[in-house]
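**Student:** So you can see what is in the structure, the chains are spelled out below.
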Amino acid sequence: MARKNCLVKNLEAVETLGSTSTICSDKTGTLTQNRMTVAHMWFDNQIHEADTTEDQSGSSFDKSSLTWSSLARVAALCNRAVFKAAQDALPILKRDVAGDASESALLKCIELSCGSVKVMREKNKKVAEIPFNSTNKYQLSIHDTVEGESESSYLLVMKGAPERILDRCSTIMVQGKEQPMDEEMKEAFQNAYLELGGLGERVLGFCHVFMSEEKYPKGFAFDTDDVNFQTDNLCFVGLMSMIDPPRAAVPDAVGKCRSAGIKVIMVTGDHPITAKAIAKGVGIISEGNETVEDIAARLNIPVAQVNPRDAKACVIHGTDLKDLSQDQMDDILRNHTEIVFARTSPQQKLIIVEGCQRLGAIVAVTGDGVNDSPALKKADIGVAMGISGSDVSKQAADMILLDDNFASIVTGVEEGRLIFDNLKKSIAYTLTSNIPEITPFLFFILVNIPLPLGTITILCIDLGTDMVPAISLAYEAAESDIMKRQPRNPQRDKLVNERLISIAYGQIGMIQALGGFFAYFVIMAENGFLPSVLVGIRLNWDDRSTNDLEDSYGQQWTYEQRKIVEFTCHTAFFVSIVVVQWADVIICKTRRNSVFQQGMKNKILIFGLFEETALAAFLSYCPGMDVALRMYPLKPSWWFIAFPYSFLIFVYDEIRKLILRRNPGGWVEKETYY
Amino acid sequence: MAKDGEKSGWKEYIWNPRTREFLGRTASSWGLILLFYVVFYIFLAGLFTLTMYVMLQTLDDHKPTWQDRLSTPGMVIRPKAGEYFEIIYNTENTESWDMYTQTLDKFLAPYNSSEQALKNDECTPDQYFQQEDSGSVKNNPKRSCQFNRTILEDCSGIHDRYYGYQSGKPCIIIKLNRVIGMLPGKDGQAPFVTCGAKREDSEKIGELMYFPPNGTFNLMYYPYYGKKAQVNYSQPLVAVKFLNITQNEDVNIECKINANNIPLGSERDKFAGRVSFKLRINTK
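Chains A and B are the protein sequences, given in the same order. Position one of the first sequence corresponds to residue 1 (the working numbering), numbered consecutively onward. Position one of the second sequence corresponds to residue 1001 (the working numbering), numbered consecutively onward.
If you are wondering where the hints come from, they were derived from the structure by calculation, not from laboratory data. Honestly, I wouldn't trust all of these hints.
Here are the computed lysine-lysine pairs in the DSS-like style, where the Cα-Cα straight-line distance is at most 27 Å [as the list claims (entries may be wrong)]:
{"hint": "1", "chain 1": "B", "residue 1": "LYS1278", "chain 2": "A", "residue 2": "LYS635"}
{"hint": "2", "chain 1": "A", "residue 1": "LYS670", "chain 2": "B", "residue 2": "LYS1284"}
{"hint": "3", "chain 1": "A", "residue 1": "LYS563", "chain 2": "B", "residue 2": "LYS1063"}
{"hint": "4", "chain 1": "A", "residue 1": "LYS123", "chain 2": "A", "residue 2": "LYS256"}
{"hint": "5", "chain 1": "A", "residue 1": "LYS256", "chain 2": "A", "residue 2": "LYS218"}
{"hint": "6", "chain 1": "B", "residue 1": "LYS1227", "chain 2": "A", "residue 2": "LYS494"}
{"hint": "7", "chain 1": "A", "residue 1": "LYS84", "chain 2": "A", "residue 2": "LYS123"}
{"hint": "8", "chain 1": "B", "residue 1": "LYS1256", "chain 2": "B", "residue 2": "LYS1227"}
{"hint": "9", "chain 1": "B", "residue 1": "LYS1284", "chain 2": "A", "residue 2": "LYS563"}
{"hint": "10", "chain 1": "B", "residue 1": "LYS1204", "chain 2": "A", "residue 2": "LYS494"}
{"hint": "11", "chain 1": "B", "residue 1": "LYS1204", "chain 2": "B", "residue 2": "LYS1284"}
{"hint": "12", "chain 1": "B", "residue 1": "LYS1256", "chain 2": "A", "residue 2": "LYS563"}
{"hint": "13", "chain 1": "B", "residue 1": "LYS1278", "chain 2": "A", "residue 2": "LYS563"}
Nothing here was measured: the structure is a model prediction, and the numbers come from that model.
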C-alpha cells in the first residue's frame, strides 16, 4: 500500500476497505483540485472552452480574435493577484499566487495563454483603481495606454458580476470591432450566462473603454472616492467562467467503484448547483440518470407531480436535511443509487454516515478539512488527503492518501478484498491437515492399532512444514473478478463458513488421512505386521514387558524394535502429509479459477513447496533425529506411497472447480464454494 | 424480552416450522448433501481398499520385505519377570514361587518328547537345516527339528518338578527371538548364552550351570522359515540354573547371546541380544 502512496494507519482498515459498500466523499479538495480554473469564455457570440487539465494536455481555443486580446488585457489588468517570488522554474499552474481564488485563476489563465502578465502590467501602468465591493459587485482600474495603441491616454478596465457589467455597457466588441448593443446581443448574453451558470461555474463579465482624450487628457487626476469619470457607456468585451475542476483520476476511480458494487455519495458544504455539476463530471451522477428536478424540467411539470421512484439520483440541500426524520433519511439512502448532499454542516455529514451504517453498509469517508473529522472518525474507515488535508483530518483518519489521489481508494479496496480472499485460502489450507493429524489418534483408541502418528510429528507439520506454504497463500494474486464482485455482506459472508469446513474437513482432509494411513499400513506390512494382526494389538504393542511380540510371519520383536518401526511409521505418515499438502496448497491457490488459469507465479509458494520437502527430508535423514525426535530415515520408495492420494486431491478439486465455473449458482457452488 | 428473542432465534435455527428447515437446511437439502457424502466416502473406501490390495499383492507370502530392524534378535526369559523384570520369591512360601513353576510347566508342555516325536523330525545336529526353494518351485511345507524337553536336564521339570525354586536354585529359561532367514554363528560356531551379574553383584551371583552344556543353540534349528511354511517349528531354548546365588539380596543378572555374526544390540534396546532381570530369593 505504501508503494501506491497509501499510508495505512491501522492494518485492519485495509480489510474493512475491502468490504466497503458505500463511500461518502467530500467535494472540495478531495474530488476536485481545490483550484479555481478558467473553464469557459464567451466572446464573439460564442462559448469557448479553456484547458483545465492539470498538465495542459487538453485542447486549446482560437486566440486570433482581437476580442480575445482585449478580454485578456482586461482580465490581466483589472486584477490584483501576483505570482509569488522566485517561481519562474515552476510550471505556471503549480505556482503560488498571492490573491483570491478567482483572480488567481484569471492570472494563471492569461499567463498560460498570452505570456507574461507582469510585462502587460508594466506596459499599461495602473493609474487608479476602485476595488471590488459587494454593493456594486464590480471592480475597475484605469491604466496608461501604450504608445500608438489609441489616441486616448487612458484605458479603463472593469470586471464583476455579469449583469452589472452589462448594464453599464452601451456597446459590445465583436471580432475586434465595437458595435452598439442591441436586444439580440443581450439575449445571446443571457443565454450564455444561463448556460455557464448551469454548468455550476462562477461567471465574471469584462468590459473596457478607451477614455476620450479631450475629457481625460494625460495627467488627469482621477478621483476614486468621489468618482469624477465615466463608469458607464463602456464596451462589453466578454465573459469568463471558472470552476474548481475534478482531479484527473477521479472519474475513472468512481467508475471502478461502481462496477465493484460500491455506492459513491458526495457530501459537501458547497452550493447545490456546483455540487451537482461536479457530481455529473466525475460520474457520481451518471449519464441518463435524473433527479426529480431534472424530470420536472424535462416534462415541464411541477416537481411535486413527478413520481419520486423515477428519479434514481437526487440532490439534497442541507436545510432540507435538517427536517428529515431517521426513516425519511433511510428511505432516501435506500431508494436512490446516486446521491449528492450539498450545503451540509459537519454534524450533518456525521448524520449521513450514521444513516448509511444503520442500513447495514460499511461506510468509507474521504475528506480533507476540519469539518470532515467527525465523519472520518465515525466511518468504518476514514481516508484523509495527505498533501492538502488538515492535520485534524489526518489524525482522525485510518488511511492517508499521500498523493491526494482518490484513485488510491480503488487500490485500497482491491487490496482489502484480496486480503480477505487470501485469508480464506490460507485458513482452508491449514485446517485441512487437521483431519490427517487427529484420525490416527482416534483409530488408535477405537480400533486398538499401534499409534500411526505421534505428537512430535504433528508438531513438525503444524509448526514446521505447514508454516511457509500457509503464509505464501497470502501473496497469491487476485483471481480475475475481484473488482467486479459485489461488496461482502458482513452478516452473511463470513471468513470461515460451513462450505470451507465441508471441503477442508469433510473432503480433502479425509483423502489426506487415507494417504497417511496407507503409508502406515504399507510400512507395517513390509516389516512383517500385516493389517489383520495390527487390529487389536495395541495393548501388547505398548507393553514394555512383552519382548517377543509375534508378527504376521511368526517373527518375534522386542519392545524397542517394534517401537522403531512405529516411529518410522510416524515419520512416513508425516512425510505423507507433506506430500498431500503439496496438492492441497496448489488447489487452495484458487477458489474458482483453475490452477492452469491462475498460473504458478507465486514465487513464495514455490519456495514453500521446496522448503517443506527439504525440511521433511532433513527431519527424516539427519543423523541424531532418531534420538532427538524419534524420527527415522525412510526408504526411498516410501516417499511415493502417498502420491496417488495427492494426485487424487488435485484432480478432484480441479473437477470440482470446473463444475463450479460451468454451473454458476448450481448445487456444487452452493455447497462447496467457500 | 431480548432473551426470549434470542432463545426463539436459536430454536428457529434448529427447527424452523415455516420453511421446514432443520439446522438451516430443508429435508431435500439434507438428503442431497448426505447422499453426496455417502457416495464420496464409498468411493474413497473403495479406492483405499484397492490400494491396500495392490500393496498386499506385492508382499511375499513367507518373508517380509524388510528385516533390517531385526538385525539383532531379541532375548526373553521364562518365567516372565513381570513388569519390572524381577523374580522375587520366598523359598518357604510355596505360593510365592508356585506361579513360576506352573508357568514353566505350561511353557515346556509342547516340548514333551511324545509331542515332538509327532510333529517334528530328528535332524542332524550342528549344521543348518536348509530347505531352500528352487526358483518358483516352493519346497513347502518345511519341516522342523525336534527340541526335546530332556535336553534341559535338571531344568526340564522331569526330575525336579519345582525347577529348583523350592531349593533356592532356580532355573531360568532363555529364548532367542525368531527371525526369518537368520543364520546365527558362521563357520559352524553355534551361538551360545552367557549370563553374568550386572554392576556390583558379581560376588552374589555364584555358580551357574547351562543346559544344554555351554548354553548353545544348535545350528540345526536355523534358519527359521516363518510360521506359514514351518508350522510346527520348535524354538530352541537354553536353561540356566543358579547353583549358589546369594540369598536375601537383590542380584541383577544379564544374559547375552554370543555369536560371531550377530551385531551388538543398540545401547537403547535392553532386549536386543541380551536380557536383564533381577533375582531375589528370600529365605525368611
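**Student:** Take the hints in turn and mark each one as holding or not.
**Tutor:** Hints, one by one, checked against the model:
no., hint, verdict
1, LYS1278(B) to LYS635(A), "39 Å, violated"
2, LYS670(A) to LYS1284(B), "81 Å, violated"
3, LYS563(A) to LYS1063(B), "20 Å, holds"
4, LYS123(A) to LYS256(A), "51 Å, violated"
5, LYS256(A) to LYS218(A), "63 Å, violated"
6, LYS1227(B) to LYS494(A), "59 Å, violated"
7, LYS84(A) to LYS123(A), "20 Å, holds"
8, LYS1256(B) to LYS1227(B), "26 Å, holds"
9, LYS1284(B) to LYS563(A), "41 Å, violated"
10, LYS1204(B) to LYS494(A), "75 Å, violated"
11, LYS1204(B) to LYS1284(B), "18 Å, holds"
12, LYS1256(B) to LYS563(A), "22 Å, holds"
13, LYS1278(B) to LYS563(A), "24 Å, holds"
Comparing the model with each earlier hint shows violations of hints 1, 2, 4, 5, 6, 9, 10; every other hint is respected.
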